[in-house]
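**Student:** Chain by chain, the residues:
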Amino acid sequence: HLPHSTHTLGTRSVSVDLNNDASLLIDIPDALCERDKVKFTVHTKTTLSAFQKPEFSVPRQHEDFIWLHDTLVETEDYAGLIIPPAPPKPDFESPREKMHKLGEGEATMTKEEYNKMKQELEAEYLAVFKKTVQVHEIFLQRLSSHAILSKDRNFQIFLEYDQDLSVRRKNAKEMFGGFFKNMVKTADEVIISGIKEVDDFFEQEKTFLLDYYSKIKDSTAKAEKMTRSHKNVADDYIHISATLNTLSADDSTFYLRLYKVEGRVASDQELKLTELLRYYMRDIQAAKDLLYRRARALADYEHSNKALDKARLKSKDVPQAEEHQQQCLQKFDKLSESGKRELTSFKGRRVVAFRKNLIEMAELEIKHAKNNVTLLQGCIDLLKSN
Amino acid sequence: INPQKSSDLPVSSSSTSLPMFRNKTFSVRRRFSDFLGLYEKMSVKSSLHGCVIPPPPEKSVMGMTKVKVGKDDPSSAEFLERRRAALERYLQRVVCHPLLLQDPDVREFLEKEELPRAVNTQALSGAGFLKMINKASDAVNKMTIKMNESDTWFEDKLQEVESEEQQLRKLHAVVDSLVNHRKELCGNTAVFAKSMAMLGNSEDNTALSRALSQLAEVEDKMEQLHQEQAASDFFIFAELLADYIRLLGAVRGCFDQRMRAWQRWQEAQSTLQKKREAEAKLLWANKPDKLQQAKEEITEWEAKVTQYERDFDRIGVTVRKEVLRFEEEKAKDFKGQIVKYLESMLQSQQRLIKFWEAFLPEAKAIA
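The listed protein sequences derive, respectively, from chains A and B.
Quick note, the working numbering runs 89 ahead of the 1-based positions in the first sequence.
Oh and the second sequence: position 248 is 235 in the working numbering, straight run, nothing missing.
Ranges of calculated distance between the beta carbons of each label pair, as one might list FRET restraints:
(1) D180/A with R338/B: 34 to 40 Å
(2) K126/A with K351/B: 38 to 44 Å
(3) N204/A with A318/B: 27 to 33 Å
(4) K403/A with T193/B: 52 to 58 Å
(5) K200/A with K351/B: 45 to 51 Å
(6) D180/A with E65/B: 36 to 42 Å
(7) K327/B with N204/A: 27 to 33 Å
(8) T193/B with K200/A: 55 to 61 Å
(9) E201/A with T139/B: 24 to 30 Å
(10) Q252/A with K351/B: 44 to 50 Å
(11) R312/B with K456/A: 43 to 49 Å
Dumping the calculated DSS-like pairs for lysine-lysine here, alpha-carbon to alpha-carbon at most 25 Å:
(12) K341/B with K459/A
(13) K220/A with K126/A
(14) K144/B with K317/B
(15) K436/A with K351/B
(16) K459/A with K170/B
Now the stretches of chain B that chain A is said to cover, found in silico as 3 or more residues with beta-carbon under 8 Å:
(17) 166 to 175
(18) 325 to 331
Derived by calculation from the structure, the hints in this document are not laboratory data.
Ideal placement from N, C-alpha and C gives every residue a C-beta, glycine not left out.
Assemble the whole structure, with the sequences as input and the hints as a guide.
**Tutor:** In structure tokens:
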């Protein structure tokens, strides 16, 4: 069982400029972990009349967030928008497995070593916990800062409804049947790359996004592996520190403190770079989804053109065919216009976020290294003077 | 010590200001088995009984570390360097010891052009030093007569040594794990750097693209740092621990030698007692020539008892002195190596700062 409350999580550099419009402020000030389930407290402060109260909190589970995301994806009106990616499921697998192993190995280590490892694992749990809260919070803040999505009725229900959402969730599934979502998932790459593009902007975006996605997916995986290795090194230092304490070596205090720094650097690197990459990988997928929907709309429009020609040839059902063609064109134009806007602002958003994150990461590396230098120099001087 | 191309013949170079050596600086060629041979010669000398004689390095590295590619491969640079450094430390410890420095075999080892090929090194080159010591220990413990010590110093000290050896083994295992994990980190960092470079190429914003490429270069440099740190972890820290695990084995060996000396004394006393009983019987039996022989034997064994008692006392004094000297050496050695290790980490961190400070303006230039 975990310590359950978590307050400000520090800088949120994954997505910037969120939550600064006072008309709708959302945060997750608190969260509880019970067995496998995480319960988030979603807190809203608003001046909008659409809501019943100016300030309120509701408990929500991860599944509720997924429900909200899916209903947004399946809403026709939002086909021209980049829907913020759904937050991933809270994953405590790694620290849980380690805790289990620790329990099994308890007999073979000293009390001190065990306690230290336990402490480190609890910190890891906390880091995973903080990460999942952060990612759920950002999802909501992306919605609240979007001109159109913030007005969504289901979003408002999510924020306000003070009963359990799970009943609504089940009904929604029956209504939508997950049709659109499945469609998007199956054919996207082929359809996007197959369509004959009329617009230069979209042609470039398509090429760029497809390539960038595969590269960023690769980088995310490699970054995760690297930070995992770093964590292993930090764990070794804990063991070393604990064992050194039982010997009569004078450097034990150094290792005692160094491991914390190594461990902290590893988890800070994790929070900064890997999270950034992971987030934008999912965001780019969302952008690709938009391209896909537009491509489908274009395909529909082309079909409707062919149908109209056929109808004219046969002189049968021409008005219906004309109307259908007009609808398809309108839909396509709407998606193109909205899509262009969304993709342009996405570009800017991405660059700003990368910049902020890279600067923070470099500054953190420098800060930690300088701390290490002071620590190490102090130990060396101490040892040399004795 | 400088190794030649054939790893069988490292060159041993010594430089000295001591008057007992003929030249100030000199070099000879020695095989690995010669080093083992030197140990063999020293370990059987009664004049050195009770002394902590530095044990030679293991022939193979199996048994102490997780086997990784390259470590046991005689042609690999890593293996060669490891062996070279180990042999160098071995000799340095030998000449640090005041008694061993005087030893003619040691001088011959350092000075003589050609040494006859060493024999009797099977036990050492096969199972290794520690297995040899442990086997001897077991034999001592199996002997039936137990010692009753009024002075618990020896018993207490031996226990201390044994427990410390266990702790060092544990520590060595973790440090070994550290070395491997750091090597993994190395590999993963290199792979990540390449991936970052690819991402940078894909990026359409010019300044961000440049920054990502720079990040890839920084990560490449980090890989280099990790590589060097892993070498430090190993050559400074892990090898120190491995050496002392063997050295503590040698210390245990001294205690065993003292036990054997005691047992020899006790057995002599027991034999003397039997001879006296035999003499008494002969007095009754009235066999004058046999009686004479018995009296001679008694004198002989009385002398032996006195000698062995003196040997035992002497070895006790030696062991006490040696253990204290060893502990001083160990404290100095550990401190020296730990300082070296910390200094290598310090340098690494300082370089890290430079790399990231160079990157920071690139990140800030993104627009």
